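Peer 1: In case you want the letters, here they are:
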Amino acid sequence: MSATQPAEPAEKAAAEAPSQPAAGVAAAAKEPKGPGTEGGTLNVFANSFLVLWVVMAAGPLVWVMVNSLRDSGDIQGKPFGLPTAFSFENFANAWSDANIGTFALNSLIILAGSLPGTMLLGSMAAYVIARFTFPGNRFIYLLFAGGMMFPIILAVVPLFFVMDNFGLLDTRQGLILAYIAYSLPFTTFFMTAFFRTLPGSIAEAATIDGASHMRTFFQIMLPMAKPGLISIGIFNFLGQWNQYFLPLALNSEHGDQALLTQGLAELSVNQGYEGDWGALFAGLTIAMVPILVVYMVFQRQVQEGLTAGAVK
Amino acid sequence: MANDVRTVDKTTTDSGSDRGAGGPARSGAGPLVLAFLLPPRFTPEKVRNDRRYRTLDKYRFVCWFLLLPIVIYAIFVVSPFFQAFYYSLTDWTGFSSDFAFVGADNYVRLLEDSSFWASLRHSLLLLVVAPLVTLGLGLFFAFMLQAGGRHKKNEAISGVRGAKLYKNVYFFPQVLSVAIIGVVWGAMYDPITGPINEVLRLAGLDFLTRSWLADPKFALSCVLFVLCWMFIGFYVVLFSAAMGAIPKDIYEAALLDGASRPATFFRVTLPLIWDTVQTGWIYMGIQALDSFAIVHIMTINRGGPGESTLVTPVYLYKKAFDSGQAGYATAIGVVLLLVTMVFAAIMMLLNRRDRIEY
Chain D
1 MSATQPAEPA EKAAAEAPSQ PAAGVAAAAK EPKGPGTEGG TLNVFANSFL VLWVVMAAGP
61 LVWVMVNSLR DSGDIQGKPF GLPTAFSFEN FANAWSDANI GTFALNSLII LAGSLPGTML
121 LGSMAAYVIA RFTFPGNRFI YLLFAGGMMF PIILAVVPLF FVMDNFGLLD TRQGLILAYI
181 AYSLPFTTFF MTAFFRTLPG SIAEAATIDG ASHMRTFFQI MLPMAKPGLI SIGIFNFLGQ
241 WNQYFLPLAL NSEHGDQALL TQGLAELSVN QGYEGDWGAL FAGLTIAMVP ILVVYMVFQR
301 QVQEGLTAGA VK
Chain G
1 MANDVRTVDK TTTDSGSDRG AGGPARSGAG PLVLAFLLPP RFTPEKVRND RRYRTLDKYR
61 FVCWFLLLPI VIYAIFVVSP FFQAFYYSLT DWTGFSSDFA FVGADNYVRL LEDSSFWASL
121 RHSLLLLVVA PLVTLGLGLF FAFMLQAGGR HKKNEAISGV RGAKLYKNVY FFPQVLSVAI
181 IGVVWGAMYD PITGPINEVL RLAGLDFLTR SWLADPKFAL SCVLFVLCWM FIGFYVVLFS
241 AAMGAIPKDI YEAALLDGAS RPATFFRVTL PLIWDTVQTG WIYMGIQALD SFAIVHIMTI
301 NRGGPGESTL VTPVYLYKKA FDSGQAGYAT AIGVVLLLVT MVFAAIMMLL NRRDRIEY
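Protein chains in written order, with the working numbering: chain D, 1 to 312; chain G, 1 to 358.
By construction, these hints were calculated from the structure, which means they are not laboratory data. These numbers were taken from a predicted model, which means no experiment stands behind them. Hints should not be assumed to be uniformly reliable.
Said to hold, decoys possible - Listed below are several chain D residues computed to face chain G (Cβ distance under 8 Å; list not exhaustive): (1) Ala46; (2) Val54; (3) Leu82; (4) Met124; (5) Phe139; (6) Ile140; (7) Leu142; (8) Ile180; (9) Ala181; (10) Met214; (11) Phe298; (12) Gln299; (13) Gln301.
What the hints assert, rightly or not - Covered stretches of chain G (in silico footprint by chain D; criterion: 3 or more residues with CB under 8 Å from a CB of chain D, positions within the stretch not fixed): (14) 72-82; (15) 301-311.
Built from N, CA and C at the ideal position, the CB exists for glycine as well.
Looking at chain G on its own, in the form it has when it is part of the complex (with noise of 0.2 Å):
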């Protein structure tokens, strides 16, 4: 098949610059542009037979085809993105359109700012524990899932039953939207009508109970337990995929070799999926940086008590739509850029390994 359609290809090319070469040798720069311009059934036919018509054509394609998507994207996303470097270096209110130039003077203001430090602080810490403890719990089930299973005959590894079933329902929090999520561990949280301190009334424990997101010690705790919360069932999905790409011969060496599990999962499985823990990892640290929506929904007053949950996303919004400062505002961002990148480049430079084919 491959092979005729190479011939066919050859000779219809050769017939194809041959008439080239013998029609009107060349036409006007005038009429080719204006084929460039118009939808190509609007082609003149003496530009059809033009020897450069049919560079003319791919470009024509390739010009018309990027011109709506470039746009939009360099408007939408490329500009304000540049903008936003600039607009750091203003004193910009957002309300009006005069501003001047105040050069560093937004930065030097953000490092007295103990506001700014309060929400980099909690945002330093949801990037540092909630990917250590959802991609903890993820491999966990994950490995339950795929090892936890009885032994059958001649296998070296099983995984449980209705293994399916448990990541179905694992994904759930997943497919909602983070409002829906917001609200209801809001009233998950709420001390009366929630059922957090429901159950602990009823086993007993009422000295547990508490206003939870009312309480400045625990309010980001909740905030940390949603936010992995939502994000356990993407990494068991995530990392039974991945575990179900190694082979099971390598668990029947290791269980030959009298590995117990917990040492399969440390020396076997763990090594194996690296890579995809690793970028496990850079994936949920982005999404513990942009906790904006959680916050802003569930949390009293959008990052409180107090300054308790505050995070950078949330304070560069409130600085930028209810105080007025755009440009402070814009400083944070920038800000938030950089923490985001060094983040990444730390990730990728301490895992700097070789990749594992198998």
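For reference, chain D alone in the conformation it holds in the complex (with noise of 0.2 Å):
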């Protein structure tokens, strides 16, 4: 159950086991058509689907990266065209008039407390529910399981009357508080199943050898855990940075301590306003580029960490 290479042991059991024709297909054995018959003509078909969604996925992404550096004036009413002369301000303006490094620095003060938290508080119930039998421990693992199922929507309003009498309304730490919660479910449930399929000879041994269980857990086991704490990671992370309705719901009081995302959704309202483009275009890309980078980067990590989502 290693999360970082899923497809190995299927693929190991689908050597071992026969091929069976599968039922229904036409009895009567034909000749394989030769090459360059069925198989050329679907390429041409397949390929030219793929490459139009391409552009379908990419295409916006594009044009907006590229508006980003043209003109304000020259972009009102046509769409399309390059940059006539390479000017960052756009750039210069989304920064600081629509305060998108101030937008951004608040969503990394978020991300470097709430992110930390999360991996830390997660794997920690989860090793616990994983390694030991108590008295609840089935309680507690369903008690965070459930908690995946269930729509945030539904909470928000007493949670937003639960911030407010903690005082901890429209302030950093309470929007910490918040994303650990919300992320709490998913990563406890990943991490118990990955704890599950780690030795428990190991841990043993550093018992034996005289390690507390604090220490086990930290020189040990966690980082045996690795691969599943960055899979995990990465889907926190993604999911925390590009989060937009728990700071709306609990962060909106205050202009200044907005989030990236809240900003860019502002910026569009304004700038629709004021026609400055540009700006709406530059932020936009400010906001897109480095993730983008991120992605590419380490495409496999965050393909197999997004799609363990799913999978659960």
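Join the two chains, each given in its own frame, into one complex according to the hints.
Peer 2: Here it is in structure tokens:
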């Protein structure tokens, strides 16, 4: 169940299993068609659709990036065109006038607290649930697992007032705690499964050598769980960085504390009125490019981390 | 290796219990409680030699490690969840702390609230159509990537060239924030500066151009399209991985039996990855029900024009934070939870079948 190589066990199992012709396929055996006939047409057909979707998927993003270099006056009414002169004026406007820089920093500060917090608390709970038997173990596991099913939107009204009562509304620590709380169910669920796959004998050996439970966890088990931590870490990083709903509900009082996602939504409303398309596109580009670069460097891990979320 | 460890384990455990029995037999409960509450390094030597110390050590660790996660989870997730059911039975405005218990009044009011029904209708439409389109196209592209390649010698099925590159590009929308996607598509749909109308104009199809998001007939379809656009790449990657796990011999057998590509897809590939499709369907359905951010950011007046793109989560949010009807809003939330659960249950019942092992 190692999260980094999910395909391998399946492939191995596949190699051992006898091949079974699928039932229902036409029984008459025909010669396989030669190269270039069916395959050829299909190839052209397939490639044209595949290329079409490349344009659909990446086109809007490329369009935004190209336009972020164009003059606002040029963009209005003429969506397509190349930048006439290279100027980073739009970026300067977006960064300082529209405060994209501040918003990005706010997002980073929240993430610096919430991501390590989620990973630490999630793996602590998961480790205890996976490795120790105690009364209530099953209950706690189900309590966390049940949280994955349930929509944040239902809890948001009471949550707003819980935050208010604790004096955490519109504060950074409050938002960090909310991020952690709502990331815990899946993190715990995923890491419990991961810790269960790790050999218990190593933890036992550490105990015999005199390591405390604490030390066994931090120095032996946690490093061994690294592949799982990377997958779930990427999942949480993107999930929390891209979060829109929680900050909107819990962090909308002070404009200077707004996160990047809130700032962009705000910018689109304002620039729409002012017609400053250049700054809007520059703001979007600033928000997109770092994430896309990180994604392209860690494609495999990102794809595995995110799809792990759906196959729970 | 494993054997060694086990034997060592046994001997030390024995000597440990010996020492426990040989040491001070029992100390009072006081030091034990104290040791439970303090970090291990402050455990007095007397307690350390106690027979019960091993159990104490285990439970001390379990409790301390679970304390913080459970407290945070209970305060911010579990308690609001249960409070929501309670508040849905009150007339709470959210502004003041006094409210009255009104029983099922909120739910009765929901029955007559035409805006609520409009929002629910839109949400259900997304719930039905978005998974169909997204999963359908996801399967199509994944199969093209895997089987659309030119025939090579001795291979029943071959992937297109650059399959990895395609998948990487398709996945782009998935790593971006919904906020970014909402703003980008808001600009795409713009009647004057947006590229969609421009492409139509360049193609000579001027009669098709319109203010997409301002047209009540098209606004919801625009939302639907963006929702599908975001997730198609995700499903291409997911289904490609599932299809890659199917042994090649099965395809060879199908090809020898004279199966065409469509037959191969519908009779071999699809049944074999059905488990993945089913989980993906439920996941996409939940995403469609929760299409808050796109509607909130992209559409006119957050759910407009009129109520043409109002979905249930946005309606809930407006009721709770704009019109100060917190009690009523939580009742909407309870209905939404119910819809989600009914959907998940239907999907699981409909697709009950034996798992195929290969």
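Peer 1: Each of the hints needs a verdict: does it hold here or not?
Peer 2: Verification of the hints:
1. Ala46: Status holds, d = 3 Å.
2. Val54: With a closest approach of 5 Å, the valine 54 of chain D hint holds.
3. Leu82: 14 Å, violated
4. Met124: For methionine 124 of chain D, the interface hint holds, since the closest Cβ of chain G sits about 5 Å away, which is under 8 Å.
5. Phe139: 11 Å, violated
6. Ile140: At 7 Å from the nearest chain G Cβ, isoleucine 140 of chain D passes the 8 Å test, so the hint holds.
7. Leu142: It is violated, given that the least Cβ distance between leucine 142 of chain D and chain G is near 12 Å, above 8 Å.
8. Ile180: 6 Å, holds
9. Ala181: Where the cut-off is 8 Å and the nearest Cβ of chain G is about 4 Å from alanine 181 of chain D, the hint holds.
10. Met214: 7 Å, holds
11. Phe298: 10 Å, violated
12. Gln299: It holds, given that the least Cβ distance between glutamine 299 of chain D and chain G is near 5 Å, below 8 Å.
13. Gln301: Hint on glutamine 301 of chain D: violated, closest Cβ of chain G at ~12 Å, above 8 Å.
14. 72-82: Holds, because 9 residues of the stretch 72-82 of chain G bring their Cβ atoms closer than 8 Å to Cβ atoms of chain D.
15. 301-311: Violated, because only 0 residues of the stretch 301-311 of chain G bring their Cβ atoms closer than 8 Å to Cβ atoms of chain D.
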